[in-house]
Amino acid sequence: VVASATWYVPHAAFLRWREWDGEFVLYHELSGDTHRLNILAASALRMLIAEPMSAELLSMRLARAQSPESRPQSPEPIADLLSRLSALGLIDAQ
Amino acid sequence: MILVRSLGRTELARRLCGRGLPIWCGPLLMRVGTTLSELVEPIGLLYADYLLAPTDELPDFDARVDVAPRWRTIVGRVETVIDGRAAFEPFRREHALPMLEWAMNWCVFTRPHQYLLLHSAVVARPEGGLLMSGEPGAGKSTLTAALAFRDWRLLSDEVAMIPPGTRHLLPLPRPIGLKNDSIDIIRTDVPTAVIGPATANTKKGTVAHVRAPAASVAQANEPAEAKWVLFPRFVPGMSAEIRRVSRGDALLRLGVQSFNYSTLGVDGFETLADVVDGCECFEMRYGSLADALLCVQEVTGVAVPLVVPGGDATR
Chain A
1 VVASATWYVP
11 HAAFLRWREW
21 DGEFVLYHEL
31 SGDTHRLNIL
41 AASALRMLIA
51 EPMSAELLSM
61 RLARAQSPES
71 RPQSPEPIAD
81 LLSRLSALGL
91 IDAQ
Chain B
1 MILVRSLGRT
11 ELARRLCGRG
21 LPIWCGPLLM
31 RVGTTLSELV
41 EPIGLLYADY
51 LLAPTDELPD
61 FDARVDVAPR
71 WRTIVGRVET
81 VIDGRAAFEP
91 FRREHALPML
101 EWAMNWCVFT
111 RPHQYLLLHS
121 AVVARPEGGL
131 LMSGEPGAGK
141 STLTAALAFR
151 DWRLLSDEVA
161 MIPPGTRHLL
171 PLPRPIGLKN
181 DSIDIIRTDV
191 PTAVIGPATA
201 NTKKGTVAHV
211 RAPAASVAQA
221 NEPAEAKWVL
231 FPRFVPGMSA
241 EIRRVSRGDA
251 LLRLGVQSFN
261 YSTLGVDGFE
271 TLADVVDGCE
281 CFEMRYGSLA
291 DALLCVQEVT
301 GVAVPLVVPG
311 GDATR
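Sequence order for the protein chains is A and B. The opening position of the first sequence corresponds to residue 1 in this note's numbering, with each subsequent residue numbered one higher. The opening position of the second sequence corresponds to residue 1 in this note's numbering, with each subsequent residue numbered one higher.
Treat the hints as calculated values from the structure; they're not laboratory data. Hints may be right or wrong, so weigh each one.
[As the list claims (entries may be wrong)] Cβ-Cβ distance ranges computed for the label pairs, FRET-style: (1) A:Ile-49 - B:Asp-184: 53 to 63 Å; (2) A:Ile-39 - B:Asn-105: 39 to 49 Å; (3) B:Trp-71 - A:Pro-10: 49 to 59 Å; (4) A:Leu-57 - B:Met-238: 47 to 57 Å; (5) A:Arg-16 - B:Thr-55: 38 to 48 Å; (6) B:Pro-136 - A:Leu-57: 45 to 55 Å; (7) A:Ser-86 - B:Thr-188: 49 to 59 Å; (8) A:Arg-46 - B:Thr-166: 21 to 31 Å; (9) B:Gly-137 - A:Trp-17: 27 to 37 Å.
[Unchecked claim] Which bits of chain B does chain A cover? Going by a derived footprint, with three or more residues having C-beta under 8 Å, they are: (10) 245-251; (11) 261-274.
Note that CB positions come from ideal geometry on N, CA and C, so glycine has one too.
Working from the sequences, and respecting the hints, build out all of it.
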């Protein structure tokens with residue numbers, strides 16, 4: 001993960017979402033892959049769809065949006081999350 | 001409306017030996033044929049209650065078992081022929097009946113892509129349909145057979161067919177394939193079940209097919225709405241255990257077991273998501289048929305009699 005990179009969702013229009021009880025299932029029309037995301041990953045993805053941003057800004061926005069007990073304690077979880085979403089082909093860095 | 005049972009043995013043999021016997025099974029028209037005389041009676045027995053279609057009607061698929069040509073294999077072997085073409089390797093003649101059934105399964109799994117196809121057993125009550133999905137050996141067919149003779153309607157023991165954009169489970173009530181110990185379990189549990197001849201030493205062991213209940217075949221044009229998803233797993237000696245499964249987990253597990261989820265693309269996803277959206281989803285582990293029946297009762301809230309008249313489900 002490049003700390004200074006701006007992350008974005010290149011194919012947001014091709015993502016189909018379903019949510020059940022805080023669990024998200026995502027279908028990527030272009031890859032044909034189906035993904036299950038927890039609420040943190042889904043929130044991050046939605047924020048990046050709304051607006052491309054850096055890992056640092058995303059971390060701050062997520063912390064603000066999450067309840068205190070589920071806030072990430074350090075930037076590492078966000079870096080790891082971005083890395084995994086990128087590996088799945090859901091986000092990209094510019 | 002002519003049922004297969006109305007044909008005499010000679011006429012049945014003549015049709016099977018000729019172009020084949022066109023029969024309706026739910027939305028599919030299957031044409032089955034063979035030149036092997038020993039298959040006439042088992043086919044007549046297992047398909048007695050199916051509606052015959054006009055001979056000039058175009059079938060969804062045509063499956064038959066015939067003697068393999070001598071240039072293709074050793075003398076005496078037989079082969080499946082699907083839509084006029086030899087399919088799979090020739091095999092021993094005594095395996096012809098299960099091979100014909102498996103060839104028909106193969107057609108059902110690979111042809112009707114106008115539906116989302118899930119590898120799942122399906123039974124239904126007026127309250128809704130129950131999908132049961134699991135790995136081979138999970139006990140789906142045994143449980144399906146037991147439920148089909150306990151006031152649950154058999155839709156299929158192999159495939160859930162769902163028109164995209166709906167939650168309808170289309171019936172395809174073909175004979176239920178049992179293997180090894182399951183054959184005697186169902187013989188004991190449902191003494192009235194009509195079971196075709198057992199075939200030993202197949203790749204799945206000893207196999208036999210249970211005739212679909214006539215009432216289920218008669219209602220083969222009536223879809224059921226999906227209401228429950230169950231992932232059974234037979235574990236010898238284990239007492240019953242039920243656990244709720246999240247809908248997301250159920251979607252992924254059913255998708256993996258689908259024959260054409262990827263083929264249908266977004267329609268497959270949306271349809272499967274709609275199905276699990278309207279269902280309660282569970283997994284269960286069990287060690288006996290009686291336990292499995294109790295689990296189904298608990299999951300669905302529908303009373304499931306432990307014993308059918310003259311039967312014993314305790315094995």
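We went through each hint and held it up to the structure:
1. The beta-carbon spacing between Ile-49 (chain A) and Asp-184 (chain B), approximately 58 Å, falls within the hinted interval of 53 to 63 Å.
2. A beta carbon spacing of about 41 Å between Ile-39 (chain A) and Asn-105 (chain B) agrees with the range 39 to 49 Å that was offered as a hint.
3. Take Trp-71 (chain B) and Pro-10 (chain A): their Cβ atoms lie about 56 Å apart, and the range 49 to 59 Å holds.
4. Take Leu-57 (chain A) and Met-238 (chain B): their Cβ atoms lie about 51 Å apart, and the range 47 to 57 Å holds.
5. Separated by about 45 Å at the C-beta atoms, Arg-16 (chain A) and Thr-55 (chain B) satisfy the suggested range of 38 to 48 Å.
6. Distance hint for Pro-136 (chain B) and Leu-57 (chain A): a CB-CB separation of about 50 Å, consistent with the stated range 45 to 55 Å.
7. Between Ser-86 (chain A) and Thr-188 (chain B) the beta carbon distance is about 57 Å. The supplied range of 49 to 59 Å therefore holds.
8. Between Arg-46 (chain A) and Thr-166 (chain B) the beta carbons are some 29 Å apart, a value that agrees with the proposed interval 21 to 31 Å.
9. Distance hint check for Gly-137 (chain B) and Trp-17 (chain A): the Cβ-Cβ separation is about 35 Å, which falls inside the suggested range of 27 to 37 Å.
10. Three residues within the 8 Å Cβ limit are the bar, and the stretch 245-251 of chain B against chain A gives 5, so the coverage statement holds.
11. Chain A is given as covering the stretch 261-274 of chain B, and this holds because 6 residues of the stretch bring a CB closer than 8 Å to a CB of that chain, at least three being needed.
Hint compliance for this structure: no hint is broken.
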